[in-house]
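Spelled out from the first residue to the last, the chains are:
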Amino acid sequence: MTALHALTTSLGRLSGGRGTVAADAGTLRVRADETVTVSFTVNGRPASVDVAPRVTLADALRDHLGLTGTHLGCEHGVCGMCTVLVDGDAARACLLLACQVEGADIMTIEGLGKADDLHPLQESFGRHHALQCGFCTPGMLMSAYDLLDHEPGVTAEELPVKMSGVLCRCTGYRNIIDAVAEVAQANPETVPPPRNCSTATLLPRTSVGGRRSIRPDNEADARPSAVEIRMPQTEPTTAIEVDDDVTARVDAVWDVMEDTERLARCLPGAELMADFGNDRYKGRIRVSLGPVKLAFVGDIHVIERDPQTHTIRALAQAEDAGGGSVQADVLFNVEPRGEGSVIHARAGLHMTGRIAQFGRSLASDVSRDMFKQFTRALDATARGEAPTLVEPPSAIAIAAQLATSRLRAIRRRVRRAIRQRLKREE
Amino acid sequence: MKAAPFAYVRPTRLGDVVAELVRADEDGGGKVIAGGQSLVPVLAMRLGRPSTLVDITDVDELKQVDLIDGSLRVGAAVRQRRVERDFRGVVPLLSQALPWVGHREIRSRGTVCGSLAHADPAAEMPAVASCLGATLEVTGPGGARRIAAEKFFSGAMTTCLGPTEVVTAVRIPLPRQGDGFGFAELARRHGDFAVAGVAVRVRTRGGTVEEAAVTAFGVSDRPRYRDLRDELQGAVERAGVDAIGIARELGDAVTAMADQIVTTAGDSHGSSQYRRRVLRALATRELVHAYQSSLEPPR
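Top line first, the protein sequences correspond to chains W and F.
Sequential numbering from 695 applies to the first sequence in the numbering used here.
Sequential numbering from 63 applies to the second sequence in the numbering used here.
Extracted from the complex, chain W is given alone in its bound form (with noise of 0.2 Å):
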């Protein structure tokens, strides 16, 4: 539980008051002790910290916005473990204020790859076994990416001198130079794109309300009519997919799914706070992981309903009251199996800010767990029973969930390597 240990420091670190800024002709004054909000994009997404001038870069990212992928070395400036693109050229992050980079566009390791899909630079680390410890990888991959997009014709003579901005202490210099050479071969013209960067326009931060106007504990915040959601043009942040064979009959599911307040009482957490007409809701969700308490509140607006084939489209865009924001595509689908049916349930999840630093895969494993209890508890209401579950999902619950679903995956992946390893020994 790394993650949510990391995040739950940055939560604390967050609550700090936020500072005045002092402008006169153009001129941006902030004392020392006082705090400047300082907005840029990360990875393609937009992002804004307050922090003091004193500040670099690395601890905005590490602490303020949870990327804790760009390691922190020497501080000063020798070692090039945080190594980040700002604006496209490598630089280091704990060289550079971060009330210096507004409206910069910065690239980290995590707007390189993801785990499930990695950039080539990693596959290339990985074959050559270019990493020992790793604490230097995310220098090292930045930087070489950094090289191979300026410079992508260099020779593998060349890359000692070109890459000796990272240190690595395991000295697997060789392994590096090879996997950085192998890259830049079979790429002579340019280096391939980043993997998980958004590249399309962003949902404004404003459309979304803004984080000061929504008080997720004070309904009179409440916005007194629906708003446009606008779906970012980019693949999602995570992708759930999730089916689930129920004991209730397909009409019976169906009428709980044509009863929105029915429907958002089976969510765990879930309350609907308005109702606008013409399928548009607001709504407020709470999830609680531990010391972890995440509101959400936003708008929803159900784009399709479809009797013949029992389908429910909706868009849904919310901000929790810390700053991050997920939008969903979420897609419900009933159909008869057997005696019962199965609900079919598909979502892309677009996330910003503090949730996004569940890490993907904590993050999927959370919205997956939570969708089969919702499934189960459509299920009971369908059924005529109270749903089990109208309380925010408590720790213990969905820890053990996340330890099982864990642990599946673990087990999942260990016989695929068994199964890997006997066909190549046959």
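There may be inaccurate statements among the hints.
Said to hold, decoys possible - Incomplete in silico selection of chain F near chain W, CB under 10 Å:
(1) Y70
(2) T74
(3) L101
(4) V102
(5) A106
(6) M107
(7) R143
(8) H165
(9) Q239
Because the hints were derived from the structure by calculation, they are not lab data.
Beta carbons: idealized from backbone N, C-alpha and C, even for Gly.
Starting from the structure of chain W, add chain F where the hints point.
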């Protein structure tokens, strides 16, 4: 490795930069920041604790690079990597020296003028400015003034810049016909501080040496400039165009120069004597190299 608190101001006009420096000077001392690649480590190690940082990177006029009056004029907020990439070969010695400045990751943010104002004795940019006879443009409460690079550096990390003055640009002369250049440095690893380094400019006309400017760095408290015109001309007259011959003939003169200017005490990376020998070897090699390239027809 966290900096002590400081205030931060980011003006958008040059006049405001000076006003902020004056205000900061009365308030415990300000410091100009551009790329911050030398300053931020100093802050992180708390070797310096200015009360206010005045960021000049939002001043549009400092972001300009122009070709003006036979010089490349580089504004104070212009990053090294931009000059390296977009003005390759415009000032050949600058293009030869830039890849030696820190690492690519440092040059992405570090500025040419910042390197001059920081005046590290082992830095490349001050040596290039000295060797090419560059001029620094400086603005302060009393107005603007120009300072020759040779007069600008007054000691280790010390310049003749007043506390409320800011470097606004550097004018580096463009090469002329008959110019040849040489640049070399020795460091334990690429990007480390130089044990010794040298920048050389030789100007010839019709095979005759007119100038032979040598600036050594990393061996004293500031870049050290010498004109070895007579020595090089003498060596060429005695040895002809044979590189090894010229190098041999230069031996005594370069040895004398190295003995004179190497003042850096020895450290664990090499004695003072070692630095002399390194400088001798590099200076001889680059003088020959610069002389030979000065004879080549301009491209």
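Here is what the structure says about each hint:
For F/Y70, the suggested interface contact is upheld, since its CB lies about 3 Å from the closest CB of chain W, less than 10 Å. Taking 10 Å as the C-beta cut-off, the interface hint given for F/T74 holds, the closest approach to chain W being about 4 Å. The interface hint given for F/L101 is met, as the beta carbon of that residue sits about 9 Å from the closest beta carbon of chain W, less than 10 Å. Taken as an interface hint, F/V102 checks out: its beta carbon lies about 5 Å from the nearest beta carbon of chain W, inside 10 Å.
Satisfaction of the interface hint for F/A106 is found here, the shortest Cβ-Cβ separation to chain W being roughly 5 Å, below the 10 Å cut-off. Annotation: interface hint on F/M107 holds; nearest CB of chain W at approximately 6 Å, less than 10 Å. Contact between F/R143 and chain W, as hinted, is supported at the beta carbon level, the nearest pair being about 6 Å apart and thus within 10 Å. Of the supplied interface hints, the one on F/H165 holds, with its beta-carbon coming within about 3 Å of a beta-carbon of chain W, less than 10 Å.
Because the closest C-beta pair between F/Q239 and chain W is about 31 Å apart, greater than 10 Å, the hint is violated.
Consistency note: the structure conflicts with earlier hint 9 alone.
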